[in-house]
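J.: Protein sequences appear in the order of chains A, B and C. Each residue of the first sequence is one higher than the one before, starting from 4 at the first, in my numbering. Each residue of the second sequence is one higher than the one before, starting from 3 at the first, in my numbering. Each residue of the third sequence is one higher than the one before, starting from 416 at the first, in my numbering.
Do not take every clue at face value.
Distance condition first, Cα-Cα at most 25 angstroms in a straight line; then the derived DSS-like pairs of lysine-lysine [as the list claims (entries may be wrong)]:
id: 1; chain 1: C; residue 1: LYS448; chain 2: B; residue 2: LYS54
id: 2; chain 1: C; residue 1: LYS467; chain 2: A; residue 2: LYS65
id: 3; chain 1: B; residue 1: LYS8; chain 2: B; residue 2: LYS162
id: 4; chain 1: B; residue 1: LYS162; chain 2: B; residue 2: LYS15
Derived from the structure by calculation, the hints contain no laboratory data.
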Amino acid sequence: MMENNNENYGKANTENLSYEDLLLEIQKLEFATVDLNLFLDTHPDNQMALNDYNMYTVELSKLKKEYRLRFGPFANFGSAPSKYPWQWVESPWPWEV
Amino acid sequence: MWIYEKKLEYPVKVDTTNPALAQMIMEQFGGADGELAAGIRYLTQRFVMPTKESIATLTDIGTEELAHWEIIETLVWKLVKDAPVEKIKGTPFEAHFANHGRSPFPGNAAGHPWTAAYIQSKEDPITNLYEDMAAEQKARSTYEYLIQLSDDPGVTDTLKFLREREVVHFQRFGEALMGVQEYKDTKKYL
Amino acid sequence: MRYREDNIMDDNVMDNNIMNEQLLGTEESRLPKVIVVDQPYTDKFPLDEALKKGTLFPNLYDPYMVGKKY
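Isolated chain A, as found in the complex (with noise of 0.2 angstroms):
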């Protein structure tokens, strides 16, 4: 029985959320993927975890974008190009959120 698949997640308006709201909208989606992962790890072969696994990382990707696109890289050591100057030194840092 599968009565929530979260399927319209993330396709709302992202543009018009602080940065704190925004980080909390990624926090949700990956940490959906997380536990996905970990089930997953001990159930490769489950089909309906892995589309909602793959659900989730699609969504979860368009955040990250956004964020990208906004605040700058979300991760370092070559997760994503930065402009001028060098964004990742920037805060706020998690613990400063």
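Based on these hints, arrange chains B and C on the given structure of chain A.
T.: This is chains B and C only, laid out in the frame that chain A set:
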């Protein structure tokens, strides 16, 4: 290899300044059953796992534990960063302050520095997985004591999240153990 | 010998998922054996609830009530 995302796994909110509570939460920062021990343990044990599922499980849960370590560090920091010395004196955090000021440091609630003696890794994957299941139970119990001690709603919220993650990890290690046992039994008959 | 294939939630998720069985009568099975019940993939929490609760899966959710001893 690890890369770093500029976010915490959970949106941590701390509502008060409370050095005494911070000192207790350090139990999960540098204590025997805390997140650093969990992360290092799993990331060390993964080399001797015989199935790809168990290698992935230890790698990914180990990685998540480091993300939890970061959350605990954040809780401790937020609880003390604005505490004037008068609010630190007379609390269990005073001894920590004498050594480190307000800086976080990986030790337990009693102030003992973290040690690899808290973890074990043997070449037997079944031995390791039983240790991992025990570790998750110990962490869960510790979070329950911390939840009882906390009077900060934001802190309690975060502790409840972290406690539930231990429940989930316990299930995953149990499943990994079943897989490894099955693998061992199949090999016996080949 | 009786063991549970479903994953019914009682008071404690952990008790349901671990069973210590003694299989009697065969050479292989003189010793106790721990069985972990596999998690079925059924329902999911909505995403904001999942983050708050600490899991996507209702069948792994084990809420803690302060004062509960264990």
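J.: For the pair supplied as a hint, LYS467 of chain C and LYS65 of chain A, is the alpha-carbon distance within the 25 angstroms limit?
T.: The given pair, whose Cα atoms are some 22 angstroms apart, holds under the 25 angstroms limit.
J.: With a cut-off of 25 angstroms on the C-alpha distance, tell me whether LYS162 of chain B and LYS15 of chain B pass.
T.: 13 angstroms, holds
J.: For the pair we were handed, LYS8 of chain B and LYS162 of chain B, check the Cα-Cα distance against 25 angstroms.
T.: 23 angstroms, holds
J.: Need the status of pair LYS448 of chain C, LYS54 of chain B: alpha-carbon distance at most 25 angstroms?
T.: 23 angstroms, holds
Violation of the numbered hints given earlier is absent; every hint is satisfied by the structure.
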